[in-house]
Each structure stands twice: as structure tokens, then as C-alpha cells.
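> Sequence:
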Amino acid sequence: MTLRNVPPVIGAWFPDDSEMHSGGYRDYLDAIAEHSHYNLLTTTMRKCQRQMTDPEVHDWFNQGNPIRKTLKVRGHDVTFDAVGIAAVRIHENDKVEAIAAGGLKSFRTDDVSIELPQRADIALWRDTNRGWQGVLQEHDGPVLDLLLAITKNWTRLSVTVRMG
273 MTLRNVPPVI
283 GAWFPDDSEM
293 HSGGYRDYLD
303 AIAEHSHYNL
313 LTTTMRKCQR
323 QMTDPEVHDW
333 FNQGNPIRKT
343 LKVRGHDVTF
353 DAVGIAAVRI
363 HENDKVEAIA
373 AGGLKSFRTD
383 DVSIELPQRA
393 DIALWRDTNR
403 GWQGVLQEHD
413 GPVLDLLLAI
423 TKNWTRLSVT
433 VRMG
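Going by our numbering, the first residue of the sequence shown is number 273, and it counts up by one from there.
One or more hints might be untrue.
[Stated by the list, open to error] Below, a list of computed lysine to aspartate or glutamate pairs in the EDC-like style, where the Cα atoms sit at most 20 Å apart:
hint, residue 1, residue 2
1, K424, D366
2, K341, D399
3, K424, E387
4, K424, E369
5, K367, D383
6, K367, E410
7, K424, D399
8, K377, D349
9, K377, D326
10, K377, D366
11, K344, D326
12, K367, D382
13, K344, E291
14, K424, E410
15, K377, D399
16, K341, D382
17, K367, D399
18, K377, D353
19, K341, D393
20, K341, E291
21, K367, D349
22, K344, E328
23, K344, D383
24, K367, E387
25, K424, D412
[Stated by the list, open to error] Derived Cβ-Cβ restraints for the label pairs, each shown as a range:
hint, residue 1, residue 2, range
26, V345, D417, 36 to 46 Å
27, D299, A421, 36 to 46 Å
28, A305, R398, 18 to 28 Å
Hint data in this document are derived by calculation from the structure and do not stem from the laboratory.
Yeah, the Cβ is synthetic: ideal placement off N, Cα and C, and Gly gets one too.
Construct the entire structure; sequences and hints are all you get.
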């Protein structure tokens, strides 16, 4: 059976104020992972005094899980220190082809090493000419020299929309 043939079994999570702190989601999500039949979990707020667009609520939901791992990708060690998402594509020539990470602090493999002084949402990829292109999301200030050493081709994105 392929994943396309599996219908979603949807669960909903409505966090309580007692869970609204760093790591406050862990107990609930660990219990769901171990004891439920859900394969899709959604969340929202159901409190008159709290809205998803409140800055502290938005930031809490947006915090993501820390990713501090070394993985084998095409036989190469790849190490990430990121938050929420971490992805790498290694070309068949054994060179890094693309990187994407939320809250990236560091990335290391055979041919690319990035150590940032503060976390940043970042994407890097090789264009059709095999040159690097980069995107920084929600990053204030100039592009860091260590990133400019990889490429001068950076695009800045500001996508957070706060209502209210």
C-alpha cells in the first residue's frame, strides 16, 4: 500500500495555557505518537482571550522542534543544527546541491560548512550554471560575510504577517 492510498485520520489539538512554553507540546505529542491512530494532526486555539495572530501565540506555534543531527546522505555525513526543518540534496557528483533550514545555526558536510552567530531561516541551491543562489527569510541587517563567501546572490524575504 502506498501513502497515496492511505486516507488521513485527523486529530485536532487545542493547547492549554499550561502548554504554552518551550517544549510544552512534548508530552501531548509523545502520547499521540505512541497511543493514537492519527496520521495527521492539526492545531488551533479555542480561547476568546487568545488568538493565533497574537504575537506570543504565533511565536510559540512557530518555534518548531530543534534538529541537531548527523545523518548519512549518499554516504556522506551531514550535520545540522536547525529548528523545524532541515533538508539537503547531494548531487550524484557527491557535492551539495541544495540546503534549506529553519533557524539554522550550523551545517556541515564534506564540501560546505556554515556556522552562524545567530539562527537564520536560509535556503541555498545551485542554479543551472552551478553557481549558488541564496534566500534569507526574516533576517535583519546585512548578509554576513561568511554567507557572502558562498555567494553574493542573496534574496531577502519578509513573510511574517501580524494582524491586529
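> Determine for every hint whether it applies to the structure shown.
Status of the hints after comparison with the structure:
{"no.": "1", "hint": "K424 with D366", "verdict": "violated, 23 Å"}
{"no.": "2", "hint": "K341 with D399", "verdict": "violated, 27 Å"}
{"no.": "3", "hint": "K424 with E387", "verdict": "holds, 17 Å"}
{"no.": "4", "hint": "K424 with E369", "verdict": "holds, 17 Å"}
{"no.": "5", "hint": "K367 with D383", "verdict": "holds, 7 Å"}
{"no.": "6", "hint": "K367 with E410", "verdict": "violated, 28 Å"}
{"no.": "7", "hint": "K424 with D399", "verdict": "holds, 13 Å"}
{"no.": "8", "hint": "K377 with D349", "verdict": "holds, 17 Å"}
{"no.": "9", "hint": "K377 with D326", "verdict": "violated, 27 Å"}
{"no.": "10", "hint": "K377 with D366", "verdict": "violated, 23 Å"}
{"no.": "11", "hint": "K344 with D326", "verdict": "violated, 40 Å"}
{"no.": "12", "hint": "K367 with D382", "verdict": "holds, 8 Å"}
{"no.": "13", "hint": "K344 with E291", "verdict": "violated, 34 Å"}
{"no.": "14", "hint": "K424 with E410", "verdict": "holds, 18 Å"}
{"no.": "15", "hint": "K377 with D399", "verdict": "violated, 24 Å"}
{"no.": "16", "hint": "K341 with D382", "verdict": "holds, 15 Å"}
{"no.": "17", "hint": "K367 with D399", "verdict": "holds, 13 Å"}
{"no.": "18", "hint": "K377 with D353", "verdict": "holds, 5 Å"}
{"no.": "19", "hint": "K341 with D393", "verdict": "holds, 17 Å"}
{"no.": "20", "hint": "K341 with E291", "verdict": "violated, 26 Å"}
{"no.": "21", "hint": "K367 with D349", "verdict": "holds, 12 Å"}
{"no.": "22", "hint": "K344 with E328", "verdict": "violated, 37 Å"}
{"no.": "23", "hint": "K344 with D383", "verdict": "holds, 14 Å"}
{"no.": "24", "hint": "K367 with E387", "verdict": "holds, 19 Å"}
{"no.": "25", "hint": "K424 with D412", "verdict": "holds, 17 Å"}
{"no.": "26", "hint": "V345 with D417: 36 to 46 Å", "verdict": "violated, 27 Å"}
{"no.": "27", "hint": "D299 with A421: 36 to 46 Å", "verdict": "holds, 43 Å"}
{"no.": "28", "hint": "A305 with R398: 18 to 28 Å", "verdict": "violated, 36 Å"}
Taken one by one, the earlier hints fail for this structure at numbers 1, 2, 6, 9, 10, 11, 13, 15, 20, 22, 26 and 28, listed in ascending order.
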